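Chains as they are written, first to last, in full-length UniProt numbering: chain A, 1 to 255; chain B, 1 to 255.
Bear in mind the hints are in silico, worked out from the structure with no lab data behind them.
Hints are supplied without guarantee of correctness; some may be wrong.
Identical copies go unnamed one by one, so any copy, or any two together, can satisfy a pair.
In silico DSS-like cross-links for lysine-lysine, where the CA-CA straight-line distance does not exceed 25 Å [said to hold, decoys possible]:
| # | residue 1 | residue 2 |
| --- | --- | --- |
| 1 | Lys-112 | Lys-70 |
| 2 | Lys-116 | Lys-70 |
| 3 | Lys-70 | Lys-115 |
| 4 | Lys-115 | Lys-44 |
| 5 | Lys-70 | Lys-44 |
| 6 | Lys-116 | Lys-44 |
Computed from a prediction, not measured in an experiment: that's the story for all the values here.
Protein chains: 2
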Amino acid sequence: MCELLGMSANVPTDICFSFAGLMKRGGGTGPHRDGWGIAFYEGKGCRTFHDPHPSCQSEIAQLLRRYPIKSRTVISHIRRANRGQVSLENTHPFTRELWGRVWTFAHNGQLKGIKKRPVSYFQPVGTTDSEHAFCWMMEQIRMRYPDPPRRDAALTALVRDLAEEMGALGVFNLLLSDGRTLWCRCSTNLAWLTRRAPFGAAQLIDEDMTVDFAQETTPDDVVTVIATRPLTRNETWTVMEAGSMVAFRNGERVG
Amino acid sequence: MCELLGMSANVPTDICFSFAGLMKRGGGTGPHRDGWGIAFYEGKGCRTFHDPHPSCQSEIAQLLRRYPIKSRTVISHIRRANRGQVSLENTHPFTRELWGRVWTFAHNGQLKGIKKRPVSYFQPVGTTDSEHAFCWMMEQIRMRYPDPPRRDAALTALVRDLAEEMGALGVFNLLLSDGRTLWCRCSTNLAWLTRRAPFGAAQLIDEDMTVDFAQETTPDDVVTVIATRPLTRNETWTVMEAGSMVAFRNGERVG
Numbered sequence: 001m002c003e004l005l006g007m008s009a010n011v012p013t014d015i016c017f018s019f020a021g022l023m024k025r026g027g028g029t030g031p032h033r034d035g036w037g038i039a040f041y042e043g044k045g046c047r048t049f050h051d052p053h054p055s056c057q058s059e060i061a062q063l064l065r066r067y068p069i070k071s072r073t074v075i076s077h078i079r080r081a082n083r084g085q086v087s088l089e090n091t092h093p094f095t096r097e098l099w100g101r102v103w104t105f106a107h108n109g110q111l112k113g114i115k116k117r118p119v120s121y122f123q124p125v126g127t128t129d130s131e132h133a134f135c136w137m138m139e140q141i142r143m144r145y146p147d148p149p150r151r152d153a154a155l156t157a158l159v160r161d162l163a164e165e166m167g168a169l170g171v172f173n174l175l176l177s178d179g180r181t182l183w184c185r186c187s188t189n190l191a192w193l194t195r196r197a198p199f200g201a202a203q204l205i206d207e208d209m210t211v212d213f214a215q216e217t218t219p220d221d222v223v224t225v226i227a228t229r230p231l232t233r234n235e236t237w238t239v240m241e242a243g244s245m246v247a248f249r250n251g252e253r254v255g
Numbered sequence: 001m002c003e004l005l006g007m008s009a010n011v012p013t014d015i016c017f018s019f020a021g022l023m024k025r026g027g028g029t030g031p032h033r034d035g036w037g038i039a040f041y042e043g044k045g046c047r048t049f050h051d052p053h054p055s056c057q058s059e060i061a062q063l064l065r066r067y068p069i070k071s072r073t074v075i076s077h078i079r080r081a082n083r084g085q086v087s088l089e090n091t092h093p094f095t096r097e098l099w100g101r102v103w104t105f106a107h108n109g110q111l112k113g114i115k116k117r118p119v120s121y122f123q124p125v126g127t128t129d130s131e132h133a134f135c136w137m138m139e140q141i142r143m144r145y146p147d148p149p150r151r152d153a154a155l156t157a158l159v160r161d162l163a164e165e166m167g168a169l170g171v172f173n174l175l176l177s178d179g180r181t182l183w184c185r186c187s188t189n190l191a192w193l194t195r196r197a198p199f200g201a202a203q204l205i206d207e208d209m210t211v212d213f214a215q216e217t218t219p220d221d222v223v224t225v226i227a228t229r230p231l232t233r234n235e236t237w238t239v240m241e242a243g244s245m246v247a248f249r250n251g252e253r254v255g
């Protein structure tokens, strides 16, 4: 199984602490030796890093641990290959542009028969089920809304329906964002946590590392972290139910 | 003016040497203090790095100088902002997917009235003339060829026509690739050089650095480098004529 990590915050926030825990799972404490990737939104732009090599050895991963890129929306994925060759084009997160927004997608699971679904506007570059599912979802969104819907809730409802349809084909744990909203859909494993004032200390499960967020934040900060499994041992994570979806914007739950 | 750098090779080749020269121009020897970006194709995948900050100070640029990513097709750009805010989404190269291929675009120049041209399939994320021109070109290519044309020459002919149409709007020095072909269109400044056996030593103009390619290559390697201005002082560069375009594939000229 792959590890997913997402963040939604109301101020640009670095994800170094959570990423440190996730990286350990990339060949260190976890079995995810087949590549990793991360997407950081900065304004309307999106910066992605992909590495088909194990994250615990990756030089780029080390850079990111040291170099605190601050972002309000982050999606990351550590891969355990079960479909598709290990290669750059098969490494999540995947990105496409729609409505002048950069969309980012990371998934764990397998989807039976997904490749029979026709895609035209958006076509996979690699050979994964996941990228095909992403292209199919983007195509449905574009067909339903050639222009962005006025109400964000309408978009969330559509994403929920599409995720449900994908979930019927297999395991579909999903992180998806258009740079504004972060949609998180749980098929088997996904948990989230919102940090806000008063901030305390958090201790990673996978590495001997503690951060006192009271030192790192201002009282108005709201930061939600989503991960396949809880990353810290002394905080209360909400473990999502199978088939459920949540949406976050600026760190707050909006759906 | 911005600096462009491209490479087309028949074997995965690192671009560290040329990049070292280009980086010096990013605030060092040149006036290009407004960000830089680079795209490396690896197989069908494409890895991009963008930094809105001056390249001569950038930590990511330093990483890339040390970390020899090997690629057969590279497009890089150092920006001097003249239109659009300095931000991640305005930093070249831009990418879009068409036909399951990642397309990459970098441009220097300004295009009068480009934003009046309608775009629908592909929409700009940022505010530059360049990204709008890219979206417009991609849309023309998609409309003319919903599926990829059988003959590469047909695609090259279309790119040439579109580049000419853009060139009528202003300065349009262009590097464009679909991961197979690298198209290079000169409006004011673009020069190229093909290195092949017997390889010799090359000396950078912008930095006191020499590489003996005989030590770095095998006799079958063919590597073409394209840059705004020649990067080395002891090799013979072909300085392109205004309005001309060349196409490279696997290091060899194909159009």
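Hint check results:
In this homomeric assembly, Lys-112 and Lys-70 never come within 25 Å of each other (Cα to Cα): the closest approach is 37 Å inside a single copy and 35 Å across copies. With identical chains, the CA atoms of Lys-116 and Lys-70 are never at most 25 Å apart, being 39 Å at best within one copy and 34 Å at best between copies. Within a single copy, Lys-70 and Lys-115 get their C-alpha atoms no closer than 36 Å, and across copies no closer than 31 Å, so neither meets the 25 Å cut-off. With identical chains, the CA atoms of Lys-115 and Lys-44 are at most 25 Å apart between copies only, with a shortest distance of 19 Å across copies and 31 Å within one.
Taking the shortest Cα distances, Lys-70 and Lys-44 sit within 25 Å of each other inside one copy (14 Å), while across copies they are farther apart (29 Å). Only between protomers do Lys-116 and Lys-44 lie at most 25 Å apart by alpha-carbon distance; the minimum there is 22 Å, versus 33 Å within a single protomer.
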